[in-house]
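Novice: Going down the list, the protein sequences come from chains U and D. FYI, the numbering for the first sequence is 2 to 201, going by the numbering used here. FYI, the numbering for the second sequence is 2 to 201, going by the numbering used here.
Don't take each hint at face value.
Beta-carbon label-pair distances, calculated as ranges [claimed, not checked]:
(1) D:Thr100 with U:Arg55: 27 to 33 Å
(2) U:Arg55 with D:Pro178: 43 to 49 Å
(3) D:Pro25 with U:Glu56: 19 to 25 Å
(4) D:Ser115 with U:Arg8: 30 to 36 Å
(5) D:Thr37 with U:Leu183: 31 to 37 Å
(6) D:Glu132 with U:Arg8: 27 to 33 Å
(7) U:Ser171 with D:Glu18: 32 to 38 Å
If you are wondering where the hints come from, they were derived from the structure by calculation, not from laboratory data. Nothing here was measured: the structure is a model prediction, and the numbers come from that model. Ideal Cβ positions, reconstructed from N, Cα and C, are used throughout, including at glycine.
2 protein chains.
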Amino acid sequence: MVELRPRSVRRLLEQLERLPGIGPRTARVLVEHLLTVDAGEVGELAEALAGLRREVRLCEQCFLLTDDERCSVCRDPSRDRSTILVVEEPTTAWAVEATREYRGLYHALLGHLSPLHGVGPEDLTIDRLEERCRGGEVRELILATNPTVEGETTALYIVRRLQPLSLTVSRPASGVPVGGDLSAVDQLTLAQALQLRRKL
Amino acid sequence: MVELRPRSVRRLLEQLERLPGIGPRTARVLVEHLLTVDAGEVGELAEALAGLRREVRLCEQCFLLTDDERCSVCRDPSRDRSTILVVEEPTTAWAVEATREYRGLYHALLGHLSPLHGVGPEDLTIDRLEERCRGGEVRELILATNPTVEGETTALYIVRRLQPLSLTVSRPASGVPVGGDLSAVDQLTLAQALQLRRKL
Numbered sequence: 002m003v004e005l006r007p008r009s010v011r012r013l014l015e016q017l018e019r020l021p022g023i024g025p026r027t028a029r030v031l032v033e034h035l036l037t038v039d040a041g042e043v044g045e046l047a048e049a050l051a052g053l054r055r056e057v058r059l060c061e062q063c064f065l066l067t068d069d070e071r072c073s074v075c076r077d078p079s080r081d082r083s084t085i086l087v088v089e090e091p092t093t094a095w096a097v098e099a100t101r102e103y104r105g106l107y108h109a110l111l112g113h114l115s116p117l118h119g120v121g122p123e124d125l126t127i128d129r130l131e132e133r134c135r136g137g138e139v140r141e142l143i144l145a146t147n148p149t150v151e152g153e154t155t156a157l158y159i160v161r162r163l164q165p166l167s168l169t170v171s172r173p174a175s176g177v178p179v180g181g182d183l184s185a186v187d188q189l190t191l192a193q194a195l196q197l198r199r200k201l
Numbered sequence: 002m003v004e005l006r007p008r009s010v011r012r013l014l015e016q017l018e019r020l021p022g023i024g025p026r027t028a029r030v031l032v033e034h035l036l037t038v039d040a041g042e043v044g045e046l047a048e049a050l051a052g053l054r055r056e057v058r059l060c061e062q063c064f065l066l067t068d069d070e071r072c073s074v075c076r077d078p079s080r081d082r083s084t085i086l087v088v089e090e091p092t093t094a095w096a097v098e099a100t101r102e103y104r105g106l107y108h109a110l111l112g113h114l115s116p117l118h119g120v121g122p123e124d125l126t127i128d129r130l131e132e133r134c135r136g137g138e139v140r141e142l143i144l145a146t147n148p149t150v151e152g153e154t155t156a157l158y159i160v161r162r163l164q165p166l167s168l169t170v171s172r173p174a175s176g177v178p179v180g181g182d183l184s185a186v187d188q189l190t191l192a193q194a195l196q197l198r199r200k201l
């Protein structure tokens, strides 16, 4: 067998196969598609990729991803400035915003505490969060870090650190996903869902 | 709800969702991944994409995709030059090569006849194929155009056109896929498989 595929094809296949959710078959379908469509379309995709990390920056107030100095939430005068919802990653805020349930501000920690990986409070944006909370306007904090060991640890650390400010602090409820099947839920989640059961 | 996602993120999402097999969810996972990995990795992917159409060209003899003037099959002195396997698209040859069953040369037509879409013999590489067959070295032609109406029509046209050269001409067998389920196969394929049944 001769290696028939040109170098640039093999290089792109390798790059694509590194991406999450893209296996060898999908990569092949993508490359064959990109070889047959208009070259301009491929150029646009390449340019969109190159632009992603060049143009995106972090909001100087809340560390969400933005095109400008401040993100669109921080700039929106109609948002409730007394509440901050804290997420680990900026992209998590997109999911929260899509629920149309939240009207306050955000704060991205840019990670979670992880002593094993050498990530301490000074590596996250916790100092900036404290500063914002000390500003006087903030009264409520929703700690939407992930329901993982690291996420819980990070939430607990923030609770302790901001205790002197006596804010209302909460965490999103854990439980059975809406539309989910009780028997398919893992034990820890089911235990939480039972402990937090609501009276009808 | 405020539009939280930066422009470059939305642009990339749009571009990704146009690709085959990539829906909104996969596109989101990809973008979130690309936002968190090393920026250099994203640059490499962008560069691999940009390079794809810039560096790949068609073999001047057989029209497979290649980095050089001639593809690696045409350059390989150990290939059997008396047989040409004809495909519609250059990428189909990669699949044939992967079977390790074929030792001859290739010829990509760069499409199929389609009077409805105004694609006639002069729009394909049939003239070049005839030229190659008239060279004297070629004795066998395997017409591996797709088992579709257009593919069959194209194969039939080539058979008629090259009849004076009295080559051995064949087409790959149609039938039930190996490892497939007879009841899941479409009627036309099953009919073919029965007509072409082999004595045991």
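Novice: Taking the hints in turn, state whether each one holds.
Specialist: Okay, the hints, checked on the actual structure:
| no. | hint | in the structure |
| --- | --- | --- |
| 1 | D:Thr100 with U:Arg55: 27 to 33 Å | violated (43 Å) |
| 2 | U:Arg55 with D:Pro178: 43 to 49 Å | holds (46 Å) |
| 3 | D:Pro25 with U:Glu56: 19 to 25 Å | holds (21 Å) |
| 4 | D:Ser115 with U:Arg8: 30 to 36 Å | holds (32 Å) |
| 5 | D:Thr37 with U:Leu183: 31 to 37 Å | holds (33 Å) |
| 6 | D:Glu132 with U:Arg8: 27 to 33 Å | holds (29 Å) |
| 7 | U:Ser171 with D:Glu18: 32 to 38 Å | holds (35 Å) |
The structure does not agree with numbered hint 1 stated previously, though it agrees with all others.
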